[in-house]
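Number 457 in numbering that gives the first Met the number 0 belongs to position 458 of the sequence shown; there are no gaps in the numbering.
Mixed in with the good hints there might be a few duds.
Unchecked claim - Using 27 Å as the maximum straight-line C-alpha spacing, the simulated DSS-like pairs for lysine-lysine come out as follows:
| # | residue 1 | residue 2 |
| --- | --- | --- |
| 1 | Lys166 | Lys201 |
| 2 | Lys58 | Lys121 |
| 3 | Lys166 | Lys237 |
| 4 | Lys170 | Lys189 |
| 5 | Lys578 | Lys564 |
| 6 | Lys166 | Lys58 |
| 7 | Lys201 | Lys237 |
| 8 | Lys170 | Lys58 |
| 9 | Lys328 | Lys3 |
| 10 | Lys189 | Lys237 |
| 11 | Lys58 | Lys189 |
| 12 | Lys261 | Lys121 |
| 13 | Lys201 | Lys261 |
| 14 | Lys121 | Lys170 |
| 15 | Lys237 | Lys261 |
| 16 | Lys189 | Lys201 |
| 17 | Lys261 | Lys189 |
| 18 | Lys170 | Lys201 |
| 19 | Lys166 | Lys121 |
| 20 | Lys189 | Lys166 |
| 21 | Lys564 | Lys523 |
| 22 | Lys237 | Lys170 |
Because the hints were derived from the structure by calculation, they are not lab data. What you are looking at is a predicted structure, and each value in this text was computed from that prediction instead of being measured.
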Amino acid sequence: MMIKRLLIANRGEIACRIIRTARRLGVETVAVFSDADAGALHVRMADAAVHIGPSPVSKSYLRGDTIIAAARESGADAVHPGFGFLSENAQFAQGVIDAGLIWVGPDPASIEAMGLKDAAKKLMAEAGVPVTPGYMGADQSPQTLIPAADEIGYPLLIKAIAGGGGKGMRKVERPEDFSAALQSCRREAKSAFGDDRVLLEKYVTRPRHIEVQVFGDRHGNVVHLFERDCSLQRRHQKVIEEAPAPGMDEPTRAAICAAAIKAAHAVNYVGAGTIEFIADASEGLRADHIWFMEMNTRLQVEHPVTEAITGVDLVEWQLRIASGETLPKSQNQLGFSGWSVEARLYAEDPANAFMPSTGTLEIFDLPEGVRIETGVQTGDAITPFYDPMIAKLIAHGDTRQEAIDRLETACRSIAIHPVKTNAAFLARALSEPDFSAGNIDTGFIERHGDTLNQPVEPSAQALELAAQSMLPQGQGAWSDLVGFRMNAEPNRTIRMRLASAPITVSLPSERPHPSTQAPRIVHKSPHRTLIAEAGEIFAFSPDRTDATHGGAAADGAVLAPIPGKVTAIPIAVGQRVAKGETLIVLEAMKMEYTLSAPFDGTVAAINASSGEQVTEGTVLVEIAEENQ
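Could you build all of it, start to finish, from the sequences and the hints given here?
See below:
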């Protein structure tokens, strides 16, 4: 019997993705939420929602006991952990089962068996799955590890047994560096995982990260749904994924998928899982150069590319298997067609070392023509409490290049403000000739960093569009977008600012015909124009060189000079103010900024409220000059 009411122990795009399938199947959904997520999209989409605690994950989404209590309270008969958070926590899975609820995932024993890298590799080796050459022994003394490293050969990897996400991992190039790297790796592993044990592994000089989607049911059936390539990574975090893997021939595919099936059978696997392999691509993909790395006992972030090429809804399969059904298809009924590529859109600033970016999504414009998985909408806030991924974009095409081109166009069409994103970075990666050629490995982004991370500048077309927007109404882009006009006015020179930098643009009398990838205005006010181009948004404003006070303009518009929080507004609309009088106090970077009246006048408008977080360039107050 199909699950009737499903609690989703997750948030954001993950929860939204599960809710959509559950709704299609007629399954009611219960969301859980922290303080920060009280108004989140997944809460709005679900049939019911339960508050589970403060904003930090340790006090909300990682509280298994609280979530199980929420399931009972809401009348749910099943719990889906999503991916991340508690999805690979065997203790949580067992707690759900002990509470008499259906656990939508593998058995706790399977999770536990694959949870420690050394034990998992030993298990896989015993099952006949090829594993990376290395040392996985219980003896952790330097006297044992150093000779083992010499036997493996350099370069090699030291990896925390309980590790993940690149933590507790060191590449060692030379024997004389081994001891120091071992101590550093152990300290980090102890801090991150409470376990300083390590394993040693052969370092693959040109590694490709290839994984196989597997599915099992409670009737002994296991199938694979082919492979994905997740080699484009930054700091061991996946950025772009695709299915199938480029350069994969049928004999190699058959070998890697057969190994994945063996791995799943070895732990009596039930539900969705991923067997991850590392391939030495220095001589192309070969079956004898691909080794088991680890198993993720959950659904993966990148699962939509598998869905796109196979036509299978993997969440539906999860719910059916958890309800006791057999696999909907046998292995010989499964196939794939075309190619799919996924890009992860992060709220981060590539120009600032990819630091996470937070704030309200005043503009959140995602493209059409590709599959979008997101957990936010316009007006929602990106907070510092959770993973900075805000959306996934998935393109499908008959060929790999068609899918790449479609996804690149989509990334270039993204317009998000004021939160910074990696949209332009993604578009550049997709357009890189080596990527199109399938010349990829896990060092791709680092190798092409100078190209992918170069500062993004507006095109001449974008500058002209911005300059047009600065013209008086009736003379610019807002009333006349036609190219040629009889008796056209001569070229004009427009002074404006890009962010805070002065810039001068000469407008031609005739405007070029816009291209399909032309920049577009996404917001215009008398004091600012936002133009979207190639995945970026550029903020232009009229030149205000005659302003006399920080943030104050000669035309009476008082702008926020930097992002910050409004802490005081000691004025009211209609009030007369003198030049230099305090209008608003802004707090930013633990400092106060006082914005003053640029001249004697009357407060015509106040566009902010005390306690509000504002972005750079926001018009906070408007002053009308007194008649002379």
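Evaluation of the provided hints:
For the hint linking Lys166 to Lys201, the alpha-carbon distance of about 18 Å falls within 27 Å, and the restraint holds. Among the hinted pairs, Lys58 with Lys121 is inconsistent with the structure: their alpha-carbon atoms are about 35 Å apart, more than 27 Å. Restraint check for Lys166 and Lys237: the C-alpha separation of about 15 Å stays at or below 27 Å, so the hint holds. Proposed proximity of Lys170 and Lys189 is supported: the alpha carbons are some 18 Å apart, at most 27 Å.
A C-alpha spacing of about 23 Å is found between Lys578 and Lys564, which places the hinted pair at or below 27 Å, so the restraint holds. Among the hinted pairs, Lys166 with Lys58 is consistent with the structure: their alpha-carbon atoms are about 23 Å apart, no more than 27 Å. The hinted pair formed by Lys201 and Lys237 meets the criterion: a straight-line CA distance of about 21 Å does not exceed 27 Å. Taking the CA atoms of Lys170 and Lys58, the gap is about 35 Å. The hint is violated against a cut of 27 Å.
The suggested pairing of Lys328 with Lys3 holds, with an alpha-carbon distance near 23 Å, which does not exceed 27 Å. Between Lys189 and Lys237 the CA atoms are separated by roughly 24 Å; this keeps the pair inside 27 Å, and the hint holds. Between Lys58 and Lys189, the direct Cα distance comes to roughly 22 Å. Compliance with the 27 Å bound is thereby established for this hinted pair. Restraint check: the Cα-Cα separation between Lys261 and Lys121 comes to about 14 Å, which is no more than 27 Å; the hinted pair holds.
Simply put, Lys201 and Lys261 have alpha-carbon atoms about 23 Å apart, close enough for the 27 Å limit, and the pair holds. Between Lys121 and Lys170, the direct Cα distance comes to roughly 22 Å. Compliance with the 27 Å bound is thereby established for this hinted pair. Simply put, Lys237 and Lys261 have alpha-carbon atoms about 26 Å apart, close enough for the 27 Å limit, and the pair holds. With a C-alpha separation of about 23 Å, the suggested pairing of Lys189 with Lys201 holds against the 27 Å cut-off.
For the hint pairing Lys261 with Lys189, the CA-to-CA distance comes to about 32 Å; that exceeds 27 Å, so the pair is violated. Restraint check: the Cα-Cα separation between Lys170 and Lys201 comes to about 10 Å, which is no more than 27 Å; the hinted pair holds. With a CA separation close to 22 Å, the supplied pair Lys166 and Lys121 stays within the 27 Å bound. Taking the CA atoms of Lys189 and Lys166, the gap is near 10 Å; set against the 27 Å cutoff, the hint holds.
With a C-alpha separation of about 23 Å, the suggested pair Lys564 and Lys523 falls inside the 27 Å cut-off, and the hint holds. For a cut-off of 27 Å, the pair hint linking Lys237 to Lys170 stands: about 19 Å separates their Cα positions.
Of the numbered hints given earlier, the model fails hints 2, 8 and 17; all others are met.
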